[in-house]
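Position 35 (the sequence shown) corresponds to 35 in full-length UniProt numbering; numbering is contiguous.
It should be emphasised that the hints constitute simulated quantities derived from the structure, not laboratory data. All the pointers check out, no bait thrown in.
Restraint-style ranges between C-beta atoms, simulated for each label pair:
{"no.": "1", "residue 1": "59", "residue 2": "19", "range": "56 to 62 angstroms"}
{"no.": "2", "residue 1": "137", "residue 2": "40", "range": "18 to 24 angstroms"}
{"no.": "3", "residue 1": "105", "residue 2": "25", "range": "31 to 37 angstroms"}
{"no.": "4", "residue 1": "43", "residue 2": "128", "range": "25 to 31 angstroms"}
{"no.": "5", "residue 1": "84", "residue 2": "137", "range": "28 to 34 angstroms"}
{"no.": "6", "residue 1": "19", "residue 2": "240", "range": "26 to 32 angstroms"}
In this text, a Cβ means the ideal position worked out from N, Cα and C, and glycines have one as well.
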Amino acid sequence: MRLGRIQLWPQEIHLENYVQVLKVEGMMDALFTSLARTSLGTLWTVAGCAFLGYLVTKREMWLRRVWYRLIIITMYFNAGLIPWYMNLRMLGFLDNFWVYVIPGLVSPFNVILVKTFIESLPASMEESATLDGAGYIRCFASVIVPLITPILATLCVFSAVGQWNNFIDTMMLMPAGRFYTLQFLLYKYQHEAQSLAALVRTTQDTGAIANLAIKQTALSVQMTVAMVVTLPILLVYPFFQRYFVKGIMIGAVKG
Numbered sequence: 001m002r003l004g005r006i007q008l009w010p011q012e013i014h015l016e017n018y019v020q021v022l023k024v025e026g027m028m029d030a031l032f033t034s035l036a037r038t039s040l041g042t043l044w045t046v047a048g049c050a051f052l053g054y055l056v057t058k059r060e061m062w063l064r065r066v067w068y069r070l071i072i073i074t075m076y077f078n079a080g081l082i083p084w085y086m087n088l089r090m091l092g093f094l095d096n097f098w099v100y101v102i103p104g105l106v107s108p109f110n111v112i113l114v115k116t117f118i119e120s121l122p123a124s125m126e127e128s129a130t131l132d133g134a135g136y137i138r139c140f141a142s143v144i145v146p147l148i149t150p151i152l153a154t155l156c157v158f159s160a161v162g163q164w165n166n167f168i169d170t171m172m173l174m175p176a177g178r179f180y181t182l183q184f185l186l187y188k189y190q191h192e193a194q195s196l197a198a199l200v201r202t203t204q205d206t207g208a209i210a211n212l213a214i215k216q217t218a219l220s221v222q223m224t225v226a227m228v229v230t231l232p233i234l235l236v237y238p239f240f241q242r243y244f245v246k247g248i249m250i251g252a253v254k255g
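Assemble the whole structure, with the sequences as input and the hints as a guide.
Now the structure itself:
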């Protein structure tokens, strides 16, 4: 500040941090893992919750109320962290990519949203399809799914954000580090910013180090990683925003 070099408006834009951070060992693998986990996890969760939410609306389903109450109970009571870890280890999910997808296949909250939305639809539409010979799966795929697009888009947003931001399962279930995610690397590098800045500099030649020594501080590299982690989910959200708002507002106004 004494030199008068700090100004309100930035004088130039530097992208060297982004280039070098993406070159850090494991960063691109973590990006691919995060994208794969978010895509598959969201797809499977939405499909599973949508179909289960549809089934529990059927009065002829065997022990329908019992199954529905068992699903609801898990929202308030769970076995705890240690039994959860031991169960997943016994099932062979340690250092397994599918631990990101299968354990979260059904979310009680999402099932409730789908069930409530389907119950608000006119029953006559599904009855007409049934009279034409359609079974449960055909009714669900051809009649129900097109009508519940807003709530499915809402589930996509919820599931995608949850999958993208989660790092606890990576920290506990990936001891060998095979499938680290971007969020876990961000968590890790938030506590090792100085080491990350040094690691970034080791990917450059000696001349580049001299030129970029000021630009690539621990804080700047730390903020770069945070931006790399945050930007993808921000780019996706606008495409689902109108469905998200519509899905949240459904049922808010009573006529």
